[in-house]
Amino acid sequence: MDVFLQQLVNGISLGAIYALIALGYTMIYGVLRFINFAHGDVFMIGAYVGFYAATMISSVFPIGSVGAAVFVLLSAMIVCAALGASIEFLAYRPLRSRPKLTVLITAIGVSLFLEYVAQLLFGATPKGYPEIFSDRALIRTDAITINVVQAVVICVSLFLMFALRIIVLKTKIGTAMRAVSFNQSAASLMGINISSVITFTFVIGSALAAAGGVLYGSQYPSIEPLMGIMPGLKAFVAAVLGGIGNIPGAALGAMIIGIVETFAASTFLSTYRDAIAFAILIAILIFKPSGLLGHKEIEKV
Amino acid sequence: MKSNLLLLVAAVVVVALSFLMDSLDPYFARMIIMAGVNITLAVSLNLINGFTGQFSLGHAGFMAIGAYLSAIVSTYMLSHGWDATGLGATLVLILGLLVGGSFAALGGLAVGIPTLRLRGDYLAIATLGFNEIIRVVIQNVDFRIDGVSYVGGARGFSVTQLSDFISVFLVAAIAVWLVENLVNSTYGRGFLAVRDDEVAAEAMGVNTTKFKVQAFVIGAFFAGVAGGLYSHFNNYLSPNDFTFLKSIDIVVMVILGGMGSTIGVIIAAIVLTALPEFLREFASYRMIIYSLLLIILMIARPQGLLGPEVVRTLLKRKKHKPAAPIT
Amino acid sequence: MNRSPLFYIFAVLFTIGSLTSCKKEGGAVDNTGDIVVGEFASLTGQTATFGQSVTEGSHLAFDEINEAGGVLDRKIKVVTEDDQSKTEDANAAVQKLISRDNVIALLGEVASSRSMAAAPTAQNAKIPMISPASTNEEVTKKGDYIFRICFIDPFQGEALANFALKSLNAKRAAVLQDVRQDYSLGLAEAFKRTFLAGGGQIVSEQSYSSSDKEFRAQLTSVRSSQPDVIFVPGYYNEVSLIVRQARELGLTVPLLGGDGWDSPELTKGAEKEFENTYLSNHFAAEDPDPIVQGFVTKYKQKYGKSPDAMAALGYDAARILADAIKRAGTTEGPKLRDAIAQTKDFLGVTGKITINAQRNADKPLTILKVVNGQFKFHQRVDPSGATSGSTAAPAPDSSAAATPDTTKKNVTAPAGAK
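Residue numbers (the numbering used here), protein chains in the order written: chain A, 322 to 622; chain B, 3 to 329; chain C, 10 to 427.
No false leads were mixed into what you were given.
Here's a subset of chain B near chain C, in silico, CB distances under 10 Å, partners left out:
#1 Phe30
#2 Ala31
#3 Arg32
#4 Asn142
#5 Gly155
#6 Ala156
#7 Arg157
#8 Ser160
#9 Tyr232
#10 Phe235
#11 Asn236
#12 Ser240
#13 Asn242
#14 Leu247
#15 Arg282
#16 Ser286
Here are some of the chain C residues that sit facing chain A, going by a computed Cβ distance under 7 Å:
#17 Ala57
#18 Gln61
#19 Val188
#20 Lys222
#21 Gln227
#22 Thr229
#23 Ser230
#24 Leu250
#25 Glu274
Think of the hints as simulated: they come from the structure by calculation, not from any bench. Here a beta-carbon is modelled for each residue, glycine too, at the ideal position from N, C-alpha and C.
Pulled out of the complex, with its shape left as it was, chain A reads as follows (with noise of 0.2 Å):
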């Protein structure tokens, strides 16, 4: 039992991560219907960011103190968020009106350029990541132990899906941005300026990565350049299993692909892990298209 619990924290806390990413592919699918393919590399950026960021500010404050922690969290959102935002306005935006399937090619090229722009600047070697949040166990009983990263990444992603509902559910802009996803035409008819909806999406979805970077080079402290590729599919997996544009299926999708990923590496399957999502993946596409909580969208002729 002790086993079984331990695993779920750890299966919580490492969904918790996807989540943040999850979130981003999902309001980016649900404005502009394709799948951000360098939202993967945009995380490993913000991991990136965060890493330079807590040397820098190291002599205001020192690494370790909630000072360098929320500077930390910050200059990583914004960075990514300004990445993204030119992502979008550079590679996505010249192509609105094509076929999807370009859209994704060009995705496909900006993730790669990320990657390997990343390996020669940064180099390749992983690096330790600064002990911002501490990983000293927080509760420590017989059967489980919970550290302090694992805490405070839990709670950050709480934090920050919170934060988004509000955003989405209560502001005017996240009514817009529902109305774009719902239907982009009637929603620019009626006043809505598209383009600063998908770059706001854009904007918001790049940021939760970031913070997911920072959490996740906490929770493993070793990022290297191509850290980003396997999370971001595996979010997009989660995603794709809540039901992708919808915001808590994809929260929810995140939590159980991090808890049967943990569990299945504990037993034989381990190596399997990867091939895991991506079987879940097949699963949901083959018996339920729309996700846990989506709906069915029609195609209309």
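Please build the complex by placing chains B and C on the supplied structure of chain A, with the hints as guidance.
Only chains B and C this time, still in chain A's reference frame:
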């Protein structure tokens, strides 16, 4: 009669080239052979992506199945008395390729059927998922015959060199011939119909399921054969060679060549085999340039550099215009 | 007929392509001017970190040699090609180096799979190839022009198993291997063989893949099997996380690993977790040997960071090659090959190296104990297997070890930090 004559000419050229190969710089010889393998890969993917409009990102998985299965067959046979040269070797290779291709075709079936209802992005990710599943399975399986390890996962699998220029180009020619003729036939209109408008096609009585599955099976078969040729040329197999990144490489060839244009895809395959080699001087910038080119290409000219219209104008062919997938 | 233009183009393209300027170049070796050495490594891609390190080491060595006047009164020019961590590209790179650049020798690769893929090409062209770090036994069996200057898995695995059995008094071992890396699998296999032969029991065998970050699942299973020692023959990228997570889960037994652990990044921020861990390596950084210290200083000066094992191996491979050229007095293939094969007692950064009859390196292995985040010399194992210089082996640490948690973090900077 004219086509038979030209077929003969093509065959003669291929044979002549094969003699020429020995006096070629081995570096270029290698490039030419790899180009041939890539042509088969690109043309087979073009059937799925270009002509049938199914966006598959998992071609490397089929290639991997073919590569490993054919290697298992040839390694087993060679260690049980068959010669590594001469006619015996050719037979070993042919058998290996057929086995590899067939298993890959089965893989195509396994991928094509579950994904029937998926479109666009979803299909892309599902096929990517299959690719990774295949890779992970290969990595983990410990396949032994009589105690000798075949497959070997990350420890790798050494393969005897059996492919050469003739085998590679014969296969490429067969693939091109088959795909072109299939797609240009009356029967083959079905593939294009699925690509152009699946709902309308279904409404018109076209069995879209059949065409989609067939595209996957045939495409996968040739990918498997190409994989077999690859493994017998590269001397060594490792699962890391067959990740979805390799699939993306092949997809780029199809995109660059203009989806739905066989000749364009052939040229693109050749160019993209040679390009990384010529970009070597830029070492670490090479992949950055490559990815930038991809982005720019998509923005500036998504129908590919050699889309069907370009080829038609160049050749002034009176061909039935393939409905352009891009509006 | 629609087919005809297609085949015309098909045939014509290849005729043109093949005929234009692709003739085989004369293979005459240039006997004046710079000596051209080829190097292929993974500068980008999945294992880019190893490729980058090993070429940094070799370039440092060649720069030094050239500054000192070169070899045979000629400077060495090294042409480095990236293989993107793919075997296909390794083959292409090696082919290009041999036929286009006319190199007289090859350095590469780190990954055994890529060395094995490229070796036949080098062998057929009779160009000597020295691998700095490929540990799979099969690599040097590809031909008599293929050499390596690092340990082979059997030697290292055996030494570690014996250390576990005799010095750590372990009877029950758990193994956690990286299923994506040949190195890890090879070392694990060798360890298991020897450990079982020595009367030990393998109580748990778990696997992970490179670039995994979560090992608690596997470690929890390891914990239930109650091992005396945990063998982790992986690379430092994952090991640094594995050790942390193991301690978090309350695993206090010793952890043991191979030279893949060697990196300045290994213990950063986790000094406490790394107490009671051991690794085998080519050398001890604290070794006052001027060769080692000289290398570390020069490397830091040139690259602004501390060298890891790959860099040291790259450095030695380059120097052994240069030394062999000097001894051969020529750059001709067969004579150079013989000179490399005759390397004896070469004083490298990574130990005193002698190339044996199987073209592998005979050199002593050092077992290091991690203390305060630094590697401290613990034991030496000679090529024959004899151990020496050992401090009394510590008793198996099952009860007394500190639980890694609430006490204040040890803030001493780890070894090799700027």
